[in-house]
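S.K.: One-letter residues, chain by chain:
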Amino acid sequence: MSLPKRIIKETERLVADPAPGISAEPHEDNLRYFNVTIEGPGGSPFEHGKFKLELFLPEEYPMAPPKVRFLTKIYHPNIDKLGRICLDILKDKWSPALQIRTVLLSIQALLSAPNPDDPLATDVAKHYKENEKDAQRVSREWTQAYAA
Amino acid sequence: MASAPPALFFASSDEEGENTPLVSVDHESDLVPASSSQTPSEHTATSSLFLVASDQEEADRVPTSSPPQLAHSYAENVNDIEAQSTPHVKIVGSSAAAVSDATRNENLEEPPAKRRKHSPIVHSHAQLGASYIGDLPVDGAWSTVSGTGHVKVGDSVLIRREGSKKESSGPNTKKGNKTKKSSGGKQVSLTSMLSAKGTRFPKKVDTVVRIVNNKGSDLARLPTEIASWISKLLDFGLVEIRGTMTDCPEKLKTGMSLMVTLHIYLHPDAFKPLRMSSRDVDGGFTYNEGYETQEENFLRERKAAILKLFDAVGLRAQAGARCKGKKYSQKVEDTIGNLAQRTGGKTKKELVGDGEEIEVDSTEELSNNDLSLIYRKAQQKDTLMPLMDPAESFDLTLRGYQKQALNWMYSIEHDTRDAHLGVSMHPLWSQYIFPPEQDINTGDIDLTAEDKFFYFNPYSGELSLDVPLVEHECRGGILADVGMGKTIMISALIQTSLLLKDEFKEDKQPLVGPRQLRIEKAFRSSRRPNRRLPPSGTLIVAPASLLAQWAEEIQRSSKSNTLEVIIWHGHNRLDLDVLVNSAGDQDRMPKVVITSYGTLASEHAKTMSPLFDIYWLRIVLDEAHACKSRMSTTAKAVYDLRAKWRWAVTGTPIVNKLEDLFSLLKFLKHEPWSEYAYFRSFITLPFLARDPKAIEVVQVILENALLRREKNMLDIDGKKIVELPPKEITIEALEFSSLEKKIYDSIWLKVKRNFDQLEAKGLVGKNYTHILAMLMKLRRAVLHPDLVLEKEDSNGSSNAQPLDNPAINLEDLVKNLTSNSNGGSNVAFAEGVLANLADEDITECPICFDVMEVPTMILGCAHQCCKDCILTHIATCEEKGQQPNCFACGRGPINPSDLVEVIRKEPTNSQPSASVALRRNDVRSSTKLEALLKHLRRLKEEDPKFRAVVFSQFTSFLDLIQVMLQREGYDFCRFDGTMDVKKRSAALSAFKSPSKQPRILIISLKAGGVGLNLTTANHVFMMDCWWNAATENQAIDRVHRIGQDKTVHVTHFIISNTIEGRILQIQKRKTAIVREAFRGTRADGRADPDSIENLKIMFEEEGLRH
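Protein sequences, first through last, are from chains A and B.
Here the UniProt record's numbering is used: the first residue of the first sequence is 1, the next is one more, and so on.
Here the UniProt record's numbering is used: the first residue of the second sequence is 1, the next is one more, and so on.
Hints in this document: simulated from the structure, not taken from any laboratory.
Possibly wrong hints are sitting among the right ones.
Between beta-carbon pairs, the in silico distance windows are [as the list claims (entries may be wrong)]: (1) B:Ala773 with A:Asp88: 42 to 52 Å; (2) A:Lys67 with B:Arg937: 18 to 28 Å; (3) B:Val851 with A:Lys50: 15 to 25 Å; (4) B:Ala773 with A:Asp29: 20 to 30 Å; (5) A:Lys93 with B:Gly762: 26 to 36 Å; (6) B:Val851 with A:Leu31: 19 to 29 Å; (7) B:Ala760 with A:Asp123: 49 to 59 Å; (8) A:Lys5 with B:Glu879: 21 to 31 Å.
Computed cross-link-like contacts, BS3-like style, restricted to lysine-lysine with a CA-CA straight-line distance of at most 30 Å [claimed, not checked]: (9) B:Lys880 with A:Lys91; (10) B:Lys880 with A:Lys9; (11) A:Lys91 with B:Lys741; (12) B:Lys152 with A:Lys5; (13) B:Lys152 with A:Lys9; (14) B:Lys761 with A:Lys67; (15) B:Lys669 with A:Lys81; (16) A:Lys67 with B:Lys741; (17) B:Lys742 with A:Lys67; (18) A:Lys93 with B:Lys741; (19) B:Lys606 with B:Lys669; (20) A:Lys5 with B:Lys559; (21) A:Lys93 with A:Lys81; (22) B:Lys403 with B:Lys559; (23) B:Lys945 with A:Lys93; (24) B:Lys152 with B:Lys303; (25) A:Lys91 with B:Lys559; (26) B:Lys559 with A:Lys9; (27) B:Lys761 with B:Lys777; (28) A:Lys5 with B:Lys403; (29) B:Lys403 with A:Lys93.
Derived coverage of chain A by chain B (criterion: at least 3 residues anywhere in the stretch with Cβ under 8 Å from a Cβ of chain B; other residues may be distant) [unchecked claim]: (30) 3 to 12; (31) 56 to 63; (32) 93 to 100.
Computed from a predicted structure; not experimentally measured.
Here a beta-carbon is modelled for each residue, glycine too, at the ideal position from N, C-alpha and C.
Let the hints inform the model, and build the full structure from the sequences given.
M.R.: Below, the structure is given as structure tokens:
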């Protein structure tokens, strides 16, 4: 199956002009599969962490959103134990004008601004809502433990 | 029975050397051949005149009764056979009519004085006496005497029939009286034999054959089983038998068994032609078993007896028609083998004539290889054919091969024989070698003697010493050139070959038939007292779509006022009688009437019609395979036309089986093959029985009746006979847009599921038609989604009729934008976009990241992307139940109707700066349509006045193409089967008219795939795939043909990974498979197992890709 021009171009641009704190490299065997690293944004409990993610571009891409998942354990109200991410642009707010880069930037932004009102990991969200400081401490601990 | 054309039986004359006024004699006696070919029953009386035994007597009669039928001059003796096969090239100029019979002789070396009158199968060996053909040892001759001294071993004995000397004593027949009696054998003439059978052996047939000693007294009788046929041979005067007593006791006793050796000689009279009272016996005796005439009975017995004899003396045929070479024969047998393996009768529906559908048996279809084998023989000597210049009134220059064709046709029409240089032995005859005779005294065999041949027709029982050549009775033939300007050749023929004065005889016009009884005619006859006008009209019957082209081509090729052409079709049917017969006496201007098969068939249904009343000079059937089904009304109408000369013009005389040929031969009155029973028993049935003879017979028929050259043939100088510019075919594989792919895949899955279910239940056969219909849907789906979507699915956006004015004013758009937007930034953005619209800078589509193709803007927010991208986005959202919003700003919902296309116009001289136009998106496009438009845009850049032809097999798709071309502002014409003749011809002339604008012809493959001449164009676009490549190639040849001076570019659009790829694969395979797979429906709508199997393969292989 030939790779659509769009994916080729996106990949080229990701390599040539990477977004700060984000790297994405396509898998050798499957150019629709990307190994992604996102650095925890400064000032967030995830600072200094390097989070590994996987990103897969489905057949329908860009009409359908990419599938993205955290591989590194992370304590975040919108990311569950399996690494699944609750982010609107990855679901119903997807637009074909969005790209891998914008998706990853959005995820990076999500780390800075957790949204416990729309949780995926309910216990983490509860923790964030009831005692944000303590929750952030746990997040930092996890970052040190798993994403150092 | 007779198995050769009737003319074979004429003892015709070749005596031009001695008989100078022969030409005029010919015409004096025209009556005879006319009746022989047209009113079979009439010539019975006259025919016996020609049954002559003596050369002398015949010579005496020449002035009054020499039949004009110009037989080939056959070799005087069998050793000349070699010489005969050397082709003699003769140039026949336009004065060919004056060519004397002398030039028709193939055997010019023969001094005229030696010539004898003989028909093609007449003997010329009377002076040689009886010819030895073998010994037959007979054990068990039954002694009828007792005592000694009757005979001893080694004695010669006579073999004699009892009681056969009583010839009928009636006032009968020159023939009977003329029969030469040779010593030794009792000769019985045919006539006397017949009367004998009728009167003397009403119940019990006496077959006693006596052995008589040299003193003349009876010794013995031959044993019954041998006597049964030897008696016939003797009675019929076929043989002379000398006997030698091989073994006998000195003293005989009645009933004793004796051994005799019979030395058998064929009597010279045996080689004389047989005469029949009626041609109806042609091949018909097996079909009329309830009714066997005396003659038939006689012939059957004669044939059987001869066969017995040959068998008994061990005489074997040296060669049939395949004596030309073993290899060749082997090949024929292979072909037959291959063909016969394809068994299983299928009936299928075929379109014949103008849309007439008929069921035909599709057994024994022929592959291309088979066909080329069949044609090969007819093509063997084509390069050697002489040329002929057309009449002066013909205004074009003919190419070499066209002049050859003209010569060939002219020669046939005016019977100058050597046209095709055919010298084949008649296919129904076999060649035998006379065995060397042992010298009775010495017992030696002369090994130095040359082989002497004779010929036997195992079907009719006829014998001949001369090579029975194929006779060419009909005046006409099949012009089967492929893409070589057949129209022009026919036009040249019409101009050149006029009826010569002495060729016309009023009484040659057959005046039989109920159609002559028109009342109308009776009234009119006063107006036209002179019915003795020679026929001058040529009738051309062609498919309706080609009528105008015929008229145009004929007029174009003729100097003005040299020809009168009318199209007789539709409501415009003039009084043909007046046209064809009026000016006949003042000038000899040829008149051409062009009509369609449809008109012909409907006129045929009427009780009277001028088409069938007029005796035409010439009939030309264009695309003559239209009448290949002999049961169709078209074919029946065609058979009833009356004319002097008949031509069938077709690129495919055999469409897929040998019987296709029958109908053409029937139209041509190519006797005897125009008798179905005959054709069937000598061609169809042997073919089914894998007898190579069938193919040989067809080859020999075609050798004389068919002219077929192909573009790639070489002329005598080794050059291609037609130099055409190259043809470049590109198959452009396209990818579906995602939306189209979705639609296609959903249909595919449905079809596949359906098929799998049916297969599991074993019901594929019953639902074959249903599955074919679903396949058809798939084939439409690759063209355009609108062709398969239900009406309700395609509302709004796909409305095939575009708005009158799809253009949008820029100011309106700005107003629209500003009023819709609520924020100032939006307005600024929109204005910025609009300002930049005309910029040369090519913008990247934010969705596919490619250069925007057909840039499309969303009304309201002015965001742009490719048309296909935004449409797919909208469709995807709808499918997911989401609201389709702008991909960039999320504004929504957006509808396809909210989209506008941005069309940038390149700067032109009149308008130096690039401009931009907006157009509402009111037509749904498709991958193929866009690909076509893309090519057209490119062409326009390369050649601002290009001409292109776009083929599709679906008129519904033509509709969509038309809409797109309209939107793009192209000048286009359309040609399809729904248009009447006037509209079609208007479309064609519009397309051909000069213009500085590009022009495109959209044309349906079925209506325009054959016959048309579209050499104005040199670009061809094939929008879809037909099941067999031949049809497509024929369509391409509309453009790539004589008259084309540019390279022809063919672009074939294919969507990858769809049914089209599979069709292409099938095309590459043998087309025969395709027929089986997709036309294999039987009358009951069920398929035969082969077809189902192919269908399965289709789905399986296709399935792997999904």
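S.K.: Next step is simple, just say for each hint if it's right about the structure.
M.R.: Okay, the hints, checked on the actual structure:
1. Checked against the hint of 42 to 52 Å, the C-beta distance between B:Ala773 and A:Asp88 comes to roughly 46 Å, which is consistent with it.
2. At roughly 39 Å, the beta-carbon separation of A:Lys67 and B:Arg937 lies outside the given 18 to 28 Å, and the hint is violated.
3. Look at B:Val851 against A:Lys50: about 38 Å separates their beta carbons, and that is not inside 15 to 25 Å.
4. About 43 Å separates the C-beta atoms of B:Ala773 and A:Asp29, a value inconsistent with the hinted range of 20 to 30 Å.
5. A C-beta distance of roughly 51 Å is found between A:Lys93 and B:Gly762, which places it outside the suggested range of 26 to 36 Å.
6. Taking the beta carbon of each, B:Val851 and A:Leu31 are about 22 Å apart, inside 19 to 29 Å as hinted.
7. In this structure the hint that B:Ala760 and A:Asp123 lie 49 to 59 Å apart at CB holds, the actual value being about 51 Å.
8. Checked against the hint of 21 to 31 Å, the pair A:Lys5 and B:Glu879 passes, with Cβ atoms roughly 23 Å apart.
9. For a cut-off of 30 Å, the pair hint linking B:Lys880 to A:Lys91 stands: about 11 Å separates their Cα positions.
10. For the proposed pair B:Lys880 and A:Lys9, the alpha carbon gap of about 27 Å is at most 30 Å, so the pair holds.
11. As the CA atoms of A:Lys91 and B:Lys741 are separated by approximately 23 Å, the hinted pair is consistent with the 30 Å bound.
12. Annotation: proposed proximity of B:Lys152 to A:Lys5 is violated, straight-line Cα distance about 110 Å (limit 30 Å).
13. A hinted pair counts as satisfied when its Cα atoms are at most 30 Å apart, and B:Lys152 with A:Lys9 does not qualify at roughly 115 Å.
14. With a C-alpha separation of about 42 Å, the suggested pairing of B:Lys761 with A:Lys67 is violated against the 30 Å cut-off.
15. Between B:Lys669 and A:Lys81 the alpha-carbon distance is near 92 Å, which puts this suggested pair outside the 30 Å criterion.
16. Under the criterion of a C-alpha separation no larger than 30 Å, the hint pairing A:Lys67 with B:Lys741 is consistent with the structure, at around 22 Å.
17. A distance of roughly 21 Å separates the Cα atoms of B:Lys742 and A:Lys67; the hinted pair therefore holds under the 30 Å criterion.
18. For the hint pairing A:Lys93 with B:Lys741, the CA-to-CA distance comes to about 24 Å; that is within 30 Å, so the pair holds.
19. Using a Cα cut-off of 30 Å, the hinted pair B:Lys606 and B:Lys669 holds, with the two alpha carbons roughly 23 Å apart.
20. A hinted pair counts as satisfied when its Cα atoms are at most 30 Å apart, and A:Lys5 with B:Lys559 does not qualify at roughly 62 Å.
21. Between A:Lys93 and A:Lys81 the alpha-carbon distance is near 23 Å, which keeps this suggested pair within the 30 Å criterion.
22. Among the hinted pairs, B:Lys403 with B:Lys559 is consistent with the structure: their alpha-carbon atoms are about 18 Å apart, no more than 30 Å.
23. Annotation: proposed proximity of B:Lys945 to A:Lys93 is violated, straight-line Cα distance about 49 Å (limit 30 Å).
24. Taking the CA atoms of B:Lys152 and B:Lys303, the gap is near 35 Å; set against the 30 Å cutoff, the hint is violated.
25. Distance restraint check for A:Lys91 and B:Lys559: the Cα-Cα separation of roughly 78 Å exceeds the 30 Å cut-off, and the hinted pair is therefore not satisfied.
26. For the given pair, B:Lys559 sits about 66 Å from A:Lys9 by alpha-carbon distance, which is inconsistent with the 30 Å threshold.
27. With a C-alpha separation of about 23 Å, the suggested pairing of B:Lys761 with B:Lys777 holds against the 30 Å cut-off.
28. Between A:Lys5 and B:Lys403, the direct Cα distance comes to roughly 58 Å. Violation of the 30 Å bound is thereby established for this hinted pair.
29. Pair hint B:Lys403 plus A:Lys93 does not hold up; C-alpha atoms about 76 Å apart against a cutoff of 30 Å.
30. Requiring three or more residues with a Cβ within less than 8 Å of a Cβ of chain B, the coverage given for the region 3 to 12 of chain A holds, as 5 such residues are present.
31. Only residues whose C-beta sits within less than 8 Å of a C-beta in chain B count toward coverage, and the region 56 to 63 of chain A has 3 of them, enough to reach three; the restraint holds.
32. Check result for the region 93 to 100 of chain A against chain B: holds, 4 residues qualifying (beta carbon to beta carbon below 8 Å, three or more required).
This entry does not satisfy hints 2, 3, 4, 5, 12, 13, 14, 15, 20, 23, 24, 25, 26, 28, 29, going by the numbered hints stated previously.
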